Structures are given as C-alpha cells and as structure tokens.
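According to our numbering, the stretch in the sequence shown is residues 261 to 459, in order.
No lab work stands behind these hints, which were simulated from the structure alone. Computed from a predicted model, the values in this text were never measured in an experiment. Any given hint could turn out to be false.
Below, a list of computed lysine-lysine pairs in the DSS-like style, where the Cα atoms sit at most 25 Å apart [said to hold, decoys possible]:
1) Lys392 to Lys321
2) Lys345 to Lys445
3) Lys443 to Lys366
4) Lys338 to Lys321
5) Lys399 to Lys366
6) Lys366 to Lys407
7) Lys338 to Lys375
8) Lys375 to Lys407
9) Lys338 to Lys392
10) Lys445 to Lys321
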Amino acid sequence: MKKHLISIAIVSVCAAALYSCNNGAYDATPDKDYSAALSPFVDGELEGVQVGSMIGVLNGKTTYFSPAYGYEDTVGNKVLVARVKDDSIFDRRLMIVFTAEEYKGKLEYPIPGEKGSPIMNMTMIDTTRVDKAGRPIYKTLSATMAKINIAGDEGGFYRGDMEGVMYRTAPEQNNNDSVKIEKCKFYFDIRANIPERNR
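Full structure from sequences and hints, please.
Structure below.
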C-alpha cells in the first residue's frame, strides 16, 4: 500500500510540473507584436517566407537573405534592406528605396516606371581587388529592368515578390558583371530596431 501511495504521489508531482510548464506558445521576442504577420505555411505547404527574411534565385543559385528589414530615413524615403545570410566572402546586400511620393502601398512597381520608380541596388565585395590600404573594394550593381510586387503591408510587415536584372554601375560601369534575380519572395520587418550604424 505504501509503494502504491508513493507512486501516486510521484505521478501527481510530475503531472503538476508538466502542467505548470505550459504557459502558451513560445515567443522569442515578446516585446514585438507579430500578430499582424501572416504564417508562411498555407495548407501545410511553404508558400512564403518568415518575417525578416527573403529567398530567391540569384544567377541560378537559391539564396537566403536574413535579416530583411526596413526603415524610414530622415527625408521620408522607405528603405528595404536584405543581407545574404552567412555571406562572409561577398558581403552582399540588396537595397530598395521608395521615395515618399513613389510608394503607394500594395502595388506592382516596375523599374523603370512611367513616373519614377524605386531604386534597387546590390552592393558586394569585389574579390578581384583591394584598395591601397589592403581593404576590400565594394562594387554596386543597379537594376535596369525589374518589378517589385508589394502584395501586403499589414502591421508594418512588407511582403511580396520581385525579379529583375542588375548591372555594375560603380566604381565603374561594366555590363558584363550582372546579377539576375528570379522567383524571389520577401517579408521585410519594417519595425525592426536596427541601429543607424548598421543600416
């Protein structure tokens, strides 16, 4: 009888401990409200991307971007930035800038556009050269033909897709140096608290 009572006591204590650990869904960033963000899963299939990330095919290779964030600069431009994840060799960064007048919410924005269009650039390290002090030289590629589709901007999160071609414009122009972006889906976190020095 004593063994039976001890077994019941142990089971009861374990059940109480397990029950007390169930405080609801885990939230890694409780100080941010993600309730407006949509789940990337639709009917169990991955249809989109997670908040703060982007995925696309760059020159035929699937490439992941994280973080993908946005902010409004001092003159009201909307700036979207996505960095290629774990990219220590090239340090690639994609930047899209909408002026306050150009951004009209959910819409497809062509480059070039009829009445102005967003600017889309990619910067990366030019691995073929360094400056006189031995520091890496960055090159810039700019989109000449592209489209950026903002499919939703609920709750401060911009989601959609894009495609386009970018050619080197700096430090010198070279049309043989290009990046083609295809099948790209993004979900920018506009409310990310990004320090000014990291933008």
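Distance restraint between Lys375 and Lys407, which requires alpha-carbon spacing of 25 Å or less: Roughly 14 Å between the alpha carbons, so the hint for Lys375 and Lys407 holds.
25 Å Cα cutoff - pair Lys392, Lys321: Not satisfied, since the Cα-Cα distance of roughly 33 Å exceeds 25 Å.
Agreement of Lys443 and Lys366 with the hint, judged by alpha carbon distance not exceeding 25 Å: holds, 19 Å
Pairwise hint evaluation, Lys321 against Lys445, where the allowed Cα distance is 25 Å at most: With Cα atoms ~14 Å apart, Lys445 and Lys321 stay inside 25 Å; holds.
Given pair status - Lys392, Lys338, alpha carbons within 25 Å: Violated. Lys338 to Lys392 sits at ~35 Å, over the 25 Å cutoff.
Restraint status (C-alpha distance of Lys338 to Lys375 at most 25 Å): Answer holds: Lys338 to Lys375 is near 17 Å, not above 25 Å.
Proposed proximity, Lys407 with Lys366 (alpha carbon, max 25 Å): holds, 13 Å
Pair hint outcome, Lys338 versus Lys321 [Cα-Cα no greater than 25 Å]: violated, 28 Å
Holds or violated: Lys345 to Lys445, with C-alpha atoms at most 25 Å apart: holds, 15 Å
Pairwise hint evaluation, Lys366 against Lys399, where the allowed Cα distance is 25 Å at most: violated, 31 Å
Checked against the numbered hints above, the structure breaks hints 1, 4, 5, 9 and satisfies the rest.
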